[in-house]
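**Student:** Each chain, letter by letter, is given below.
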Amino acid sequence: MKRNGNQPYVSASTPNATTPDQLLRELVAHLRQHRTDLREEWARRITEAQLLTAMSKEEIFAEATSVYDNYVEALETGTFEALQAYARNLSERIIPRGVETNEVVGIVLLLRDVLARSLFAKYQGDFDKLNRILDAYEPAANRIAITVAVGFVQERERTIREQQEAIRELSTPVLQVRERLLILPIIGLIDPQRARQLTEQLLRAIRTNRAKVVVIDITGVAAMDTHVANHLVLTVEASRLLGATVIVTGLSPEISQTLVNIGVDLSKMTTVGDLQGGIEEAERLLGYKVVSSHDLVQQT
Amino acid sequence: MQLRDNLVLKVSTLRSRGVIIDVTVLDVMDSFASRTLHDLVRMIKLRGADTVIVGIQPEVAFAMVQLGLTMEGVPAALDLEEGLAFFNQNSLRKETGPRVK
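Read top to bottom, the protein sequences are chains X and W. Here the first sequence is numbered in the numbering used here, starting from 1 and rising by one per residue. Here the second sequence is numbered in the numbering used here, starting from 1001 and rising by one per residue.
Calculated from the structure, these hints are not laboratory results. Honestly, I wouldn't trust all of these hints.
[Said to hold, decoys possible] One side only, chain X facing chain W, incomplete, derived with CB under 8 Å:
id : residue
1  : 199
2  : 203
3  : 204
4  : 207
5  : 210
6  : 234
7  : 237
8  : 238
9  : 240
10 : 241
11 : 242
12 : 243
In this text the structure is predicted, and so the values were computed from the model without any measurement. Beta carbons: idealized from backbone N, C-alpha and C, even for Gly.
Using the sequences and the hints given, assemble the complete structure.
**Tutor:** Shown next, in the form of structure tokens:
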């Protein structure tokens, strides 16, 4: 039995008059009883601390209510799945509104604080009981705080990953302009990861479209380093192994200079000044001849 | 090795002018395999026939060039059909007798 009130912790194995389970039940009952004022207190402190500024007071209160209920439920049942699901759902709703990680962590810690204070107030007279209540409350409360914060961060990371993937998909379109002729316009910065993805997509597109000629247009690429240049050469050679000829167009003066200066061997690549020239060259290779309809009429 | 001897022999006995080597089923092409293939192509060339390699998978192709196995001077085509088309285009004067591995 613990007699000394200054001793901060009681181990769970200490034979207490009340087991941690019972304490927790008492605690939950207390939180249910004071649901309204604690909730209000919490919402007030959130506003005071200028957290969740992106949301209106009513919204904060509504969310606070559901978080509070979920919180109490998690305390009561000791299972965190429902809370986790709720945290994910909440994050999904508030991330697009620009709510930051520190705000979410902040409000969860505030709730923890508000509840702990109400416990202090209630068990003021009984220090021993207070200690034991806190022993039951704190680990659970910490886990809840961690669950919500981690849920938020995970949700945010998932959003970021999805966006990155979307950008990447958008950034490497392989287009078919004629039977057996593909165009791959590259715009923006090429990092090693994007270069690899680009190559994979191109090689796959060559096979699915049965392409014979590919025009890679790099007009929109501002700079190129050794790594990317070498990767480009590899792509050209790999395409050749699939039976496709690659024409590179739109090398800017700066890039041409860089490539020659760093000594990348470009002898295996066919390069043409601009995209139009590249397409014309590709058509020649494929045996197409583009004739204006006026000329056709005149001939006949 | 047996494939090589056999093939080089057949090129003359069948009086082949073109050989298509289909590697569609190969998921891996290491340096040994590609050197063997390259040698084979050169030997066939010495016997007076042209070779085209068909059916290299995209992943295999990229792995090969990363290892520096670019098969220079060896024509490649997407699949068997393309390989045949290659000979039909390039050897109007030659009678084609493609042999498929």
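**Student:** Please list, smallest to largest, the hint numbers that this structure does not respect.
**Tutor:** none
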